[in-house]
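First to last, the protein sequences are chains A and B.
In this text, residue positions in the first sequence follow the working numbering: the first is 1, and each later residue adds one.
In this text, residue positions in the second sequence follow the working numbering: the first is 545, and each later residue adds one.
No lab work stands behind these hints, which were simulated from the structure alone.
Among the clues, some could well be false.
[Stated by the list, open to error] Pair ranges (Cβ atoms, derived):
#1 B/Thr-730 to A/Val-525: 41 to 49 angstroms
#2 A/Val-332 to B/Ser-743: 33 to 41 angstroms
#3 B/Asp-678 to A/Thr-313: 36 to 44 angstroms
[What the hints assert, rightly or not] Which chain B residues stay away from chain A? Per the calculated CB distances, all over 12 angstroms, these:
#4 Arg-644
#5 Val-681
#6 Leu-728
The beta carbon of each residue, even a glycine, is placed where N, CA and C say it ideally should be.
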Amino acid sequence: MATLAQIHGTPEAGEEVNYLNVEHGWKSWLFTTDHKRIAVLYIISITLMFFVGGAMAVLFRIHLLSPEGLFPPEIYNRLFSMHGIVMVFFFLVPSIPATLANFLIPIMIGAKDLAFPRINLLSWYIYIVGALFTLYAVIRGGVDTGWTFYAPYSSTYSNSYVLAAAFGIFIAGFSSILTGLNFIVTVHKMRAPGMTWSRLPLFVWSNYATGLIQVLGTPVIAITLLLLAFERIARVGIFDPNIGGDPILFQHLFWFYSHPAVYIMILPGMGVISEIVSCFSHKRVFGYNFVAFSSMAIAVLSFVVWGHHMFVTGESMYASITFSVLSMMVAVPSAIKVFNWTATMYKGSVSFDTPMLYAFGFIGLFTIGGLTGLYLATLATDIATHGTYFVVAHFHYVMVGGMVMAFMGGLHFWWPKITGRMYSEPWSKFSALLVFAGFNLTFFPQFILGYLGMPRRYATYPPEFQVLNVLSTAGASILGLGYVIPMIYFFHSLKYGPKAGPNPWEAKGLEWTTQSPPTTFNFDVTPVVMEEAYNYGPVEEIVG
Amino acid sequence: MADALTTTTAHTDLEVAAATNLRHHFATPQQQFDSAMLGMWTFLITEVLFFGGMFTSYVVYRSIYPEAFASTSQYMNVALGGTNTAVLICSSLSMAMAVRSAQLSKYRAVVISLILTMIFGTTFLVIKYFEYHDKWVEGLVPGLKFDVAHYHAPQWAHQAQILFFLYFAMTGMHALHMIVGLGLLTYLLVMAVRRRFNSAYYTPVEMIGLYWHFVDIVWIFLFPLLYLIGDRG
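Let the sequences and hints guide you as you build the complete structure.
As structure tokens, this is what we get:
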């Protein structure tokens, strides 16, 4: 890659004006309306939250090294609850949309900015306020309800800082809504001449679908948490069975958002993988239309499957059967994506750069995570595995093995575009392998633990489960190392990395036609799009 | 924004841009207007889902406790609620007149229509205040002050409180939207007095108009669902 960078790097690159050096000082960042700067602000914020959530995971993985544990159960409950809350609402949901997509969507469609730049900045401030509320809850002692806040425990009985955490999520939800709204309008109205819907990069398609879910789902969690807060403050409400309320209604409302939210978390990752696989196979994405519309299909189906979280909660049998069938239908568009990525690589000119390693990791791990999802969508097996570590392993395979892999892959893929610098290729490959190995060692034993019947959220376990728990903790430490090393070489690259040039990967797409890092308005002249997305030449010509 | 424009546009384009408040990242005023409208409609969809959570709760509990809900609904003041419905419909009319006047560059008519809309909106909130006040005096506020002894059917005390909880949550959230709307109308009024809106640029009037109509429509659903389901025979 270094040779490519030298070919494309312009001699006077040091003097180029770009979005990073056009203005200096904290005001130029905190009052910016440039989508690229806001994306950088988001990258810094969510990385901090990722390490806060990760620190809690480290603590409770150490706790689970032995059945006796390290902390009293009350502390353990708070650790895993806050881990889930911080990771889901403050890392996974904004992870790719607010960072990579915020940075890339306007450039990919040939626009100067998102449709509403000031709303974009507002969304970051809202996110920060929400995060501060949640961190306040953490500092005061955390929440012990689990990340799901099930009533009436959260509304009536819990003695932890439910209100602060719930309010933080309520606020952060509006940040997510505004991001989604901005993307929808931008994709509809801001495309450059010639950038038709069928020429949109698949990353844009998947984030458009994500935007739809954010806009339609998030308001429901907002009102649900508000009702929960009323109930907790005024000791009256609609979820407490003691006064005629129905706690299952809370679960319906909660999962009406929180299941689609799973697709808010994974769909942008799928978009990243489409870009990476195409670039490093030097081939057009196989079945572009199918991949694009599978994102939309996932967005639609995501709203009709929430009941699969409630098979053992007291849902009617017919509702359960319906939700089971609908849940299995989500596997179809997901499988279309996996098969089409594989078909894209077939007879392509595949190169094994770091982003591609993460993409390989994503495809394999997401497949395992998706297929185990089918076990859980099956009524009979779900009764055995519900509330066990099998579920924990399943969603970590999708969320960490899928989404975090995609986020890391995307960060490595577009890092040269964002910063203008290349990072250390050997170190990045090494840490990609560490993440893959550490991840599997952490979570595969949890499939077995869950299959054997170890329930989730318990502070202790029978002694015969210790070996698998120790393996899992050992894997977590490798995984943690795999996340820390990139922090080091990314920082190092900012100063010492070689100049990347506009297109270090020889990739297609408008974002690679502008300089790295781009100027504030992305393009000197609004581009006119004349070709399909991923218009890579015949494979033979690229080789060498 | 001015510096961005000078680099890219000729003098006449600049005048068009200034007259239509064209921001740097849009190519044409039409694109900017369309984006603003699509953004507003998308925002209103999120509002539908926000209220949707409460409407869903209402549907669930009304289907579980139909008699209790019907019986409790007689405590709602239909006269005041009906008056408020009429007031809100009038405010929608004056809001629509404001939008149309802005499109036709009728500066005085915009100001008058906006003031009328604000008067109707304030009237609604004042009447709402008296309704809330009555509920408090009668001891019909769930949790804080619910007077079971004076409620006609003590066996439904819990269910009645659920209806009143929904009543306060839904109409309270609606009133909050009205207050926000009045703030937005104040902003519009200041701009209209300064003659900022004309046939070339009326985006804020149209957007806030959409918001105002949405808030009205929420009430159109709330009124029958909360006030008119009772057996009063």
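Outcome of the hint check:
1. For B/Thr-730 paired with A/Val-525, a C-beta distance near 42 angstroms keeps the hint of 41 to 49 angstroms intact.
2. Evaluation of the 33 to 41 angstroms hint for A/Val-332 and B/Ser-743 yields a failure: the beta carbon distance comes to about 51 angstroms.
3. Remark: the range hint 36 to 44 angstroms for B/Asp-678 to A/Thr-313 is upheld by a beta-carbon distance near 40 angstroms.
4. Against the 12 angstroms criterion, B/Arg-644 stays outside the reach of chain A, whose nearest CB is about 25 angstroms from its own CB.
5. Every CB of chain A is more than 12 angstroms from the CB of B/Val-681 (nearest about 18 angstroms), matching its label as outside the interface.
6. The Cβ of B/Leu-728 lies farther than 12 angstroms from every Cβ of chain A, with a closest approach of about 15 angstroms, so its non-interface assignment holds.
Hint violations for this structure: number 2 only, all remaining hints satisfied.
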